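A.B. asks: Take a look at the letters that make up each chain.
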Amino acid sequence: MKWTRRDVLKGLGGIPILGAVWWAGAANAVSKNRERTAILEQLNIQPSLPSAVKAIEGEPVRVGIIGFGIRGEQLCRALGYATKEWLEEMEQAAKEDPNHSRLKDFLNQDKLNIKLTAVCDVYDVRAERVIDSFSTDDAQVVRFKTYQEMIRSGKVDAVVIATPDHWHAPMAIDALENGIHAYVEKPMTHTVSETYRLREAAEKSKAVLMVGHQHRQTMSFQTAQDIVTKGVLGHVSLVQTNTNRNDDNGAWNYHIEDEATPQTIDWDQFLGSAPKIPFNKNHFFRWRKWWAYGSGLSGDLLTHDYDRLNCVLKMGIPSSVTTSGGIYTHNDGRNVPDVLQVNMEFPEFSTGSSQAKGKEKGMTFVYSATLGNGFNRPTILMGHDGTMELGNRLTIWPDSRSTKYAGLLESGKMNPSIPVYSYDPGASVPDAVSSATSQYFADKGLMWTYINGARVDSTFLHLREWLSCTRNGGKVSCGINEGFDEAISAHMGGLSYKLGRKIEWDAATQRLVPIEGIDFDEVLLSSM
Amino acid sequence: MTETKRKWQLKHSIVLLRVLIGWHFLYEGVIKLYNPDWTSFGYLATAQGPLEPLFLAIAKEPMIGWADTLNWLALMFVGITFLLGIFEKKGALVGILLLALYYLAHPAFPWLQQVNVEGSYWFINKNLIELAACLVIYQFPTGQYFGLTNLFNKDKEQTKTETL
Numbered sequence: 001m002k003w004t005r006r007d008v009l010k011g012l013g014g015i016p017i018l019g020a021v022w023w024a025g026a027a028n029a030v031s032k033n034r035e036r037t038a039i040l041e042q043l044n045i046q047p048s049l050p051s052a053v054k055a056i057e058g059e060p061v062r063v064g065i066i067g068f069g070i071r072g073e074q075l076c077r078a079l080g081y082a083t084k085e086w087l088e089e090m091e092q093a094a095k096e097d098p099n100h101s102r103l104k105d106f107l108n109q110d111k112l113n114i115k116l117t118a119v120c121d122v123y124d125v126r127a128e129r130v131i132d133s134f135s136t137d138d139a140q141v142v143r144f145k146t147y148q149e150m151i152r153s154g155k156v157d158a159v160v161i162a163t164p165d166h167w168h169a170p171m172a173i174d175a176l177e178n179g180i181h182a183y184v185e186k187p188m189t190h191t192v193s194e195t196y197r198l199r200e201a202a203e204k205s206k207a208v209l210m211v212g213h214q215h216r217q218t219m220s221f222q223t224a225q226d227i228v229t230k231g232v233l234g235h236v237s238l239v240q241t242n243t244n245r246n247d248d249n250g251a252w253n254y255h256i257e258d259e260a261t262p263q264t265i266d267w268d269q270f271l272g273s274a275p276k277i278p279f280n281k282n283h284f285f286r287w288r289k290w291w292a293y294g295s296g297l298s299g300d301l302l303t304h305d306y307d308r309l310n311c312v313l314k315m316g317i318p319s320s321v322t323t324s325g326g327i328y329t330h331n332d333g334r335n336v337p338d339v340l341q342v343n344m345e346f347p348e349f350s351t352g353s354s355q356a357k358g359k360e361k362g363m364t365f366v367y368s369a370t371l372g373n374g375f376n377r378p379t380i381l382m383g384h385d386g387t388m389e390l391g392n393r394l395t396i397w398p399d400s401r402s403t404k405y406a407g408l409l410e411s412g413k414m415n416p417s418i419p420v421y422s423y424d425p426g427a428s429v430p431d432a433v434s435s436a437t438s439q440y441f442a443d444k445g446l447m448w449t450y451i452n453g454a455r456v457d458s459t460f461l462h463l464r465e466w467l468s469c470t471r472n473g474g475k476v477s478c479g480i481n482e483g484f485d486e487a488i489s490a491h492m493g494g495l496s497y498k499l500g501r502k503i504e505w506d507a508a509t510q511r512l513v514p515i516e517g518i519d520f521d522e523v524l525l526s527s528m
Numbered sequence: 001m002t003e004t005k006r007k008w009q010l011k012h013s014i015v016l017l018r019v020l021i022g023w024h025f026l027y028e029g030v031i032k033l034y035n036p037d038w039t040s041f042g043y044l045a046t047a048q049g050p051l052e053p054l055f056l057a058i059a060k061e062p063m064i065g066w067a068d069t070l071n072w073l074a075l076m077f078v079g080i081t082f083l084l085g086i087f088e089k090k091g092a093l094v095g096i097l098l099l100a101l102y103y104l105a106h107p108a109f110p111w112l113q114q115v116n117v118e119g120s121y122w123f124i125n126k127n128l129i130e131l132a133a134c135l136v137i138y139q140f141p142t143g144q145y146f147g148l149t150n151l152f153n154k155d156k157e158q159t160k161t162e163t164l
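Just so you know, the protein sequences line up as chains A and B, in that order. In this text, residue positions in the first sequence follow this note's numbering: the first is 1, and each later residue adds one. In this text, residue positions in the second sequence follow this note's numbering: the first is 1, and each later residue adds one.
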């Protein structure tokens with residue numbers, strides 16, 4: 001075989017092309033990685049991992065459910081108890097749409113070492129639904145007509161309280177005073193004075209109180225704490241949170257059941273401390289629309305956003321709150337507002353500063369809500385050095401006028417329009433400089449409710465933590481102190497709306513600054 | 001004479017096509033190989049169309065690790081065989097398989113929402129066109145004109161040229 005020069009050229013001609021392409025690819029990838037690593041090192045953010053929770057050993061924890069409405073049912077599912085009706089409905093939904101994974105997620109949920117032993121609901125149909133669905137041959141669920149009987153029955157170690165707001169504190173206090181662990185839905189209390197009484201009960205009791213802000217279990221919020229502590233955003237002067245809903249369900253116009261009658265509902269018990277009025281199905285099923293039983297946007301939904309941020313920033317109770325709003329989109333007889341703007345002032349608060357000492361201090365927390373528009377406004381933390389969008393996924397953009405990143409911005413290594421960090425619990429690694437692609441996938445909501453690749457319900461994690469603490473001790477992530485902050489801040493928002501004036505907090509005395517002639521509790525409970 | 005010239009031109013066009021496709025595949029493979037954080041998770045997890053369940057299954061552990069490795073290996077195999085002009089038929093088959101999977105994960109069907117596309121497509125997209133081009137490479141191997149095959153199978157070259 002003889003090779004001419006032409007043969008060799010034609011034979012080996014591909015090699016230099018191969019070398020060139022390989023070199024270009026490798027050089028590009030490596031230099032991008034290096035830039036990424038440099039930025040990541042500078043940011044030094046530690047993505048958090050799911051925290052280890054000690055298992056509930058020994059006998060199962062005996063749990064009683066008080067209130068089996070919409071939220072009560074959800075909480076029971078998070079505990080591992082789904083009604084027959086729900087299972088059938090989800091099975092049907094999964095058949096119709098293979099992407100419908102709620103049944104699968106429920107079945108994949110870890111089993112907790114608990115036993116649902118008791119139910120208390122003033123509405124017969126709901127109580128019977130619990131007994132019918134959750135009783136087994138060897139363990140019958142017992143119904144109690146009142147929560148006092150359930151707490152003193154010796155049949156429960158812990159209770160889950162998912163009632164209208166005006167019942168939260170009385171029930172939680174009674175449980176704690178009797179050594180029964182309590183998980184109470186938000187808002188923790190309905191009035192200011194109750195908040196102090198519940199705090200006292202919780203401090204005196206050996207039983208564990210958990211307030212139902214399940215988002216404290218979200219991985220991204222724990223990572224967000226690290227981001228803020230490390231000064232990645234610089235001094236945060238404004239936080240913007242929002243509620244945007246535009247449907248009946250979102251406006252608390254829940255389904256009214258035909259079976260509900262004065263015979264099937266213990267109306268007097270439902271009313272409790274609320275003004276005595278004749279039986280009213282509308283009030284029973286849609287109680288969130290009246291101050292007598294609910295707490296409006298400030299107690300119902302602001303509390304979620306406030307606690308999300310208090311979990312990340314630990315800013316505590318604001319020194320003052322001003323609120324405005326009205327009933328602008330649902331004039332249906334309700335007396336709670338459906339559009340609400342709450343401004344909370346934290347003049348002494350700081351997340352650290354990259355500028356001259358003393359230049360930056362103070363923060364405003366804005367909660368803006370409407371039940372008449374569903375456009376998704378994200379939660380945003382605005383700092384001198386960066387902006388963070390906080391959700392299940394985190395995204396951070398450098399600020400174009402940042403002091404901290406001035407060098408990196410000038411050299412083009414950072415760009416104000418390109419996120420420098422994006423955290424996604426669903427992805428295996430944090431993406432330093434995220435591409436349009438990963439941005440898109442993340443925005444689609446595909447990646448962020450996963451822990452180790454599995455979709456996990458944060459309510460389940462929250463309940464599991466509480467139940468584990470009842471058996472093993474330890475600190476719950478939303479206990480009485482967090483609940484106290486939440487309740488007082490929410491009540492300040494509600495009071496400011498109702499009084500049309502600024503409500504102030506005296507941190508030294510731990511009291512609201514009194515206003516002459518005004519009884520704060522009376523105002524909160526009044527129909528306007 | 002005209003016939004020979006046409007064959008000569010076709011031969012060169014296919015060599016060019018092969019080099020361009022090889023270039024594209026190799027670069028895609030190398031970029032992934034040198035980026036330790038690269039993963040096909042996003043592409044697979046957003047899969048649509050009739051084979052969606054299959055791709056979703058691949059997107060899970062431990063399959064995803066294998067899928068990532070096999071993906072860059074296959075990309076580089078196609079790239080190397082096409083650029084060097086050796087085993088290009090095998091390379092073309094691997095390329096066809098790979099592109100078919102890419103297409104099926106995100107088919108350009110009008111009733112599906114097109115994810116991350118830079119153009120407008122109706123059933124046919126660039127993956128499918130590149131797949132067809134690989135089919136041409138498979139049917140007209142050109143390694144004996146430009147590539148290592150030229151050195152190793154020198155005798156065969158003459159006969160093949162005549163039959164083309």
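Simulated from the structure, these hints should not be mistaken for lab results. Keep in mind the model is a prediction, meaning the values are calculated, not measured. One thing to keep in mind: the hints can contain errors.
To be verified - Distance condition first, Cα-Cα at most 27 Å in a straight line; then the derived BS3-like pairs of lysine-lysine:
id, chain 1, residue 1, chain 2, residue 2
1, A, K230, A, K111
2, A, K281, B, K7
3, A, K475, A, K230
4, A, K357, A, K32
5, A, K111, B, K60
6, A, K276, A, K54
7, A, K502, A, K314
8, A, K475, A, K54
9, A, K95, A, K32
10, B, K60, A, K2
11, A, K104, B, K60
12, A, K475, A, K361
13, A, K2, B, K89
14, A, K32, A, K230
15, A, K95, B, K89
16, A, K357, A, K314
17, A, K204, A, K54
Unchecked claim - Quick list of the computed label-pair ranges, beta carbon to beta carbon:
id, chain 1, residue 1, chain 2, residue 2, range
18, B, I124, A, A27, 30 to 38 Å
19, B, G65, A, K32, 19 to 27 Å
20, B, F109, A, R6, 47 to 55 Å
Claimed, not checked - One side only, chain A facing chain B, incomplete, derived with CB under 10 Å:
id, residue
21, W22
22, A26
23, K32
24, A406
25, G407
The beta carbon of each residue, even a glycine, is placed where N, CA and C say it ideally should be.
A.B. asks: Indicate, hint by hint, whether the structure satisfies it.
C.D. replies: We went through each hint and held it up to the structure:
For the hint pairing K230 (chain A) with K111 (chain A), the CA-to-CA distance comes to about 37 Å; that exceeds 27 Å, so the pair is violated. At roughly 87 Å between alpha-carbon atoms, K281 (chain A) and K7 (chain B) are farther apart than 27 Å, so this suggested pair is violated. Straight-line distance between C-alpha atoms of K475 (chain A) and K230 (chain A) comes to about 24 Å, which keeps the hinted pair within the 27 Å bound. A hinted pair counts as satisfied when its Cα atoms are at most 27 Å apart, and K357 (chain A) with K32 (chain A) does not qualify at roughly 35 Å.
With a CA separation close to 22 Å, the supplied pair K111 (chain A) and K60 (chain B) stays within the 27 Å bound. With a C-alpha separation of about 46 Å, the suggested pair K276 (chain A) and K54 (chain A) falls outside the 27 Å cut-off, and the hint is violated. Restraint check for K502 (chain A) and K314 (chain A): the C-alpha separation of about 22 Å stays at or below 27 Å, so the hint holds. For the given pair, K475 (chain A) sits about 12 Å from K54 (chain A) by alpha-carbon distance, which is consistent with the 27 Å threshold.
Under the criterion of a C-alpha separation no larger than 27 Å, the hint pairing K95 (chain A) with K32 (chain A) is inconsistent with the structure, at around 45 Å. Our distance criterion of 27 Å between C-alpha atoms is broken by K60 (chain B) and K2 (chain A), whose separation comes to about 54 Å. The suggested pairing of K104 (chain A) with K60 (chain B) holds, with an alpha-carbon distance near 15 Å, which does not exceed 27 Å. Between K475 (chain A) and K361 (chain A) the CA atoms are separated by roughly 31 Å; this puts the pair beyond 27 Å, and the hint is violated.
Distance restraint check for K2 (chain A) and K89 (chain B): the Cα-Cα separation of roughly 26 Å lies within the 27 Å cut-off, and the hinted pair is therefore satisfied. Taking the CA atoms of K32 (chain A) and K230 (chain A), the gap is near 24 Å; set against the 27 Å cutoff, the hint holds. Distance hint between K95 (chain A) and K89 (chain B) is unfulfilled; the C-alpha atoms sit about 44 Å from each other, more than 27 Å. Between K357 (chain A) and K314 (chain A), the direct Cα distance comes to roughly 22 Å. Compliance with the 27 Å bound is thereby established for this hinted pair.
Among the hinted pairs, K204 (chain A) with K54 (chain A) is consistent with the structure: their alpha-carbon atoms are about 25 Å apart, no more than 27 Å. One distance hint, 30 to 38 Å for the beta-carbon pair I124 (chain B) and A27 (chain A), holds here, with the actual separation near 34 Å. At about 22 Å, the CB distance of G65 (chain B) to K32 (chain A) agrees with the hint of 19 to 27 Å. Between F109 (chain B) and R6 (chain A) the beta carbon distance is about 49 Å. The supplied range of 47 to 55 Å therefore holds.
The closest approach between the C-beta of W22 (chain A) and any C-beta of chain B is roughly 5 Å, which is under the 10 Å cut-off, so the hint is satisfied. The closest approach between the C-beta of A26 (chain A) and any C-beta of chain B is roughly 5 Å, which is under the 10 Å cut-off, so the hint is satisfied. Hint status for K32 (chain A) relative to chain B: holds, with the closest Cβ pair at about 7 Å, below 10 Å. The closest approach between the C-beta of A406 (chain A) and any C-beta of chain B is roughly 27 Å, which is over the 10 Å cut-off, so the hint fails.
For G407 (chain A), the interface hint is violated, since its Cβ never comes within 10 Å of a Cβ in chain B; the closest pair sits about 25 Å apart.
Hint compliance for this structure: hints 1, 2, 4, 6, 9, 10, 12, 15, 24, 25 are not met, and every other hint is.
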